[in-house]
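Peer 1: All chains, full assembly: derive it from the sequences and hints.
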Amino acid sequence: MKRIYFLFTLLILSSFFSGAVMADDEKERQLGEIVVTATKSEVSLKETGSSVTVITSDEIEKKGKKQVIDLLQEVPGLSVSRTGYFGGQASIFVRGNASTNVLVLVDGVRINDPLDPGRGANLAFLTTDNVDRIEIVRTPQSALYGSDAQAVINIITKKGEGRPVVSVSAEAGSFYTFRESASISGGSDGISYSVGISRQDTKGISRAENKSKGSTSSIKNSDYEKDKFENTVITSKFGIDLPLRINYILSGYYQSAKYDYDDGAEIDDLNKMGENEIFTFNNVLTQDIFSWWNHKLEYGRTSTTRRDQDNNDRFQPVNDEEHSWYKGVSNQAEWQHNFKIGEIDTITAGYNFYHEEGSSLYYSNLYGDFTSNSYIQNATTHSIYLHNHLKLFDMIYHAAGIRYDHHSEFGNKFTWNTTASV
14 MKRIYFLFTL
24 LILSSFFSGA
34 VMADDEKERQ
44 LGEIVVTATK
54 SEVSLKETGS
64 SVTVITSDEI
74 EKKGKKQVID
84 LLQEVPGLSV
94 SRTGYFGGQA
104 SIFVRGNAST
114 NVLVLVDGVR
124 INDPLDPGRG
134 ANLAFLTTDN
144 VDRIEIVRTP
154 QSALYGSDAQ
164 AVINIITKKG
174 EGRPVVSVSA
184 EAGSFYTFRE
194 SASISGGSDG
204 ISYSVGISRQ
214 DTKGISRAEN
224 KSKGSTSSIK
234 NSDYEKDKFE
244 NTVITSKFGI
254 DLPLRINYIL
264 SGYYQSAKYD
274 YDDGAEIDDL
284 NKMGENEIFT
294 FNNVLTQDIF
304 SWWNHKLEYG
314 RTSTTRRDQD
324 NNDRFQPVND
334 EEHSWYKGVS
344 NQAEWQHNFK
354 IGEIDTITAG
364 YNFYHEEGSS
374 LYYSNLYGDF
384 TSNSYIQNAT
394 THSIYLHNHL
404 KLFDMIYHAA
414 GIRYDHHSEF
424 GNKFTWNTTA
434 SV
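Using the working numbering, the letters of the sequence shown correspond one by one to residues 14 to 435.
Any given hint might turn out to be false.
[As the list claims (entries may be wrong)] Only pairs whose alpha carbons sit at most 30 Å apart, straight line, appear in this in silico DSSO-like list of lysine-lysine:
no.	residue 1	residue 2
1	Lys171	Lys76
2	Lys216	Lys340
3	Lys78	Lys239
4	Lys171	Lys340
5	Lys353	Lys404
6	Lys79	Lys59
7	Lys309	Lys76
8	Lys216	Lys404
9	Lys239	Lys216
10	Lys78	Lys271
11	Lys309	Lys241
12	Lys76	Lys172
13	Lys309	Lys239
14	Lys340	Lys79
15	Lys404	Lys340
16	Lys353	Lys340
17	Lys78	Lys172
18	Lys309	Lys172
19	Lys59	Lys353
20	Lys309	Lys171
21	Lys241	Lys216
22	Lys78	Lys216
23	Lys79	Lys271
24	Lys309	Lys426
25	Lys216	Lys271
26	Lys271	Lys340
27	Lys59	Lys172
28	Lys171	Lys75
29	Lys239	Lys271
30	Lys340	Lys241
31	Lys171	Lys353
32	Lys241	Lys271
33	Lys241	Lys79
34	Lys216	Lys309
[Stated by the list, open to error] For each label pair, taking beta carbons as the anchor points, the in silico distance ranges come out as:
no.	residue 1	residue 2	range
35	Ala183	Leu399	47 to 53 Å
36	Gln102	Glu184	22 to 28 Å
37	Thr393	Glu193	37 to 43 Å
38	Gln86	His336	29 to 35 Å
39	Glu74	Tyr267	19 to 25 Å
40	Lys76	Val179	38 to 44 Å
In case anyone wonders, no lab produced these hints; they're calculated from the structure.
Just so it is clear, CB atoms sit at the ideal spot from N, CA and C, and this is done for glycine as well.
Peer 2: In structure tokens, the structure reads:
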């Protein structure tokens, strides 16, 4: 009991000390920064005990980064792994956790691929176009998002407001690289809209050529194929205020990439190419029932498709014109309620439905024709969760949550987490 009293006293003293040495602008920054991913309700950055980094649209513009992965590799506690150059697999590791334990969201919708062996997310094709902010939570969020959320990255696109704003840009660079983007956003009288589109093309480089320099290979450098890459991204978000204090938002995200790549051990392949396509949409309806009670209904869907093709060439004389493809689809629905007890406590309760399915076809004739066809496999998870966010004396903050999952294949499981900060 004495030890608990001592720790409580130490927390209070540390809060006064930190408040005394903290610069005024730093206080304002922490109090003013609002995050939603860590608690599923709007709280200031100062009030959450989770380790959170917010990358705002202003920071994105100042840094000039065009790929989400380039921004994330600058965040403390995150490390990036890339395979190859343009179009290669890009994974994020948070504080030593496996990349498959990082949940990636676009406007609250999961984009982790159900057909990936670890249900990971490939961040190689995500761009910063029309992105309002990126919230990175580096501490486990299993009570709110499920057991695969050892860390959460939420990419939130812009919501239009005010007079229409149009933006157009074009860039060119080495390796015959071109990039174009355009966006329009605005809003008035309870209606908002935001649409953005971008396109990148490059002839790329040959990784096989770079690996062969200094070797005894008889292939001339001029014979190596440049691994070209093209990527198109479209984002959209529309909102409208309805009677009975209801707000409805429909958001969509579409990404389509095509890229050349080589065989294993960096052996050049003139016709080997891949495609990656992601399509998501999300419907969110929120309503303020009373000043102390609001709720949210949400339904989102993600479709991820990967294709591979390898026609015959001098490195592979046999014909392999058939495609191998992998398709994963997930549907999620959620009903969330927030109850506020004055200014000191927020209780969040909800139900979550998550259905995932996948199918694939793998074709090869390296040692004779071989086809592996996986018919649609699926799994369903029903979850309920309860989360409490307590604020005392405007200097002590405590959050605790518990979640119950029923998985169609693995049965029932409870998870929980708790954080505290001063």
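Peer 1: Confirm or reject each hint.
Peer 2: Results of checking the hints against the structure:
1. Lys171 - Lys76: 18 Å, holds
2. Lys216 - Lys340: Roughly 27 Å separates the two Cα atoms, so the pair holds.
3. Lys78 - Lys239: Measuring from Cα to Cα gives roughly 24 Å; hence the hint holds.
4. Lys171 - Lys340: 28 Å, holds
5. Lys353 - Lys404: 11 Å, holds
6. Lys79 - Lys59: 29 Å, holds
7. Lys309 - Lys76: Measuring from Cα to Cα gives roughly 35 Å; hence the hint is violated.
8. Lys216 - Lys404: 55 Å, violated
9. Lys239 - Lys216: 6 Å, holds
10. Lys78 - Lys271: 21 Å, holds
11. Lys309 - Lys241: 44 Å, violated
12. Lys76 - Lys172: 21 Å, holds
13. Lys309 - Lys239: 49 Å, violated
14. Lys340 - Lys79: 27 Å, holds
15. Lys404 - Lys340: 45 Å, violated
16. Lys353 - Lys340: 42 Å, violated
17. Lys78 - Lys172: 20 Å, holds
18. Lys309 - Lys172: Measuring from Cα to Cα gives roughly 18 Å; hence the hint holds.
19. Lys59 - Lys353: Judged against 30 Å, a Cα distance of about 18 Å means the pair holds.
20. Lys309 - Lys171: 20 Å, holds
21. Lys241 - Lys216: 4 Å, holds
22. Lys78 - Lys216: Holds, at about 20 Å.
23. Lys79 - Lys271: Status holds; Cα separation ~18 Å.
24. Lys309 - Lys426: 25 Å, holds
25. Lys216 - Lys271: At roughly 12 Å apart (the allowed maximum being 30 Å), Lys271 and Lys216 satisfy the hint.
26. Lys271 - Lys340: Between Lys271 and Lys340 the Cα gap is close to 16 Å, so the pair holds against 30 Å.
27. Lys59 - Lys172: 24 Å, holds
28. Lys171 - Lys75: 17 Å, holds
29. Lys239 - Lys271: Cα-Cα ~14 Å, so holds.
30. Lys340 - Lys241: 23 Å, holds
31. Lys171 - Lys353: 27 Å, holds
32. Lys241 - Lys271: Satisfied, since the Cα-Cα distance of roughly 8 Å is no more than 30 Å.
33. Lys241 - Lys79: OK: Lys241 and Lys79 at ~18 Å, within 30 Å.
34. Lys216 - Lys309: Judged against 30 Å, a Cα distance of about 46 Å means the pair is violated.
35. Ala183 - Leu399: 47 to 53 Å: Check passed, 50 Å falls within 47 to 53 Å.
36. Gln102 - Glu184: 22 to 28 Å: 25 Å, holds
37. Thr393 - Glu193: 37 to 43 Å: 41 Å, holds
38. Gln86 - His336: 29 to 35 Å: 32 Å, holds
39. Glu74 - Tyr267: 19 to 25 Å: 23 Å, holds
40. Lys76 - Val179: 38 to 44 Å: Since Lys76 and Val179 have Cβ atoms about 23 Å apart, the given range 38 to 44 Å is violated.
Of the numbered hints given earlier, the model fails hints 7, 8, 11, 13, 15, 16, 34, 40; all others are met.
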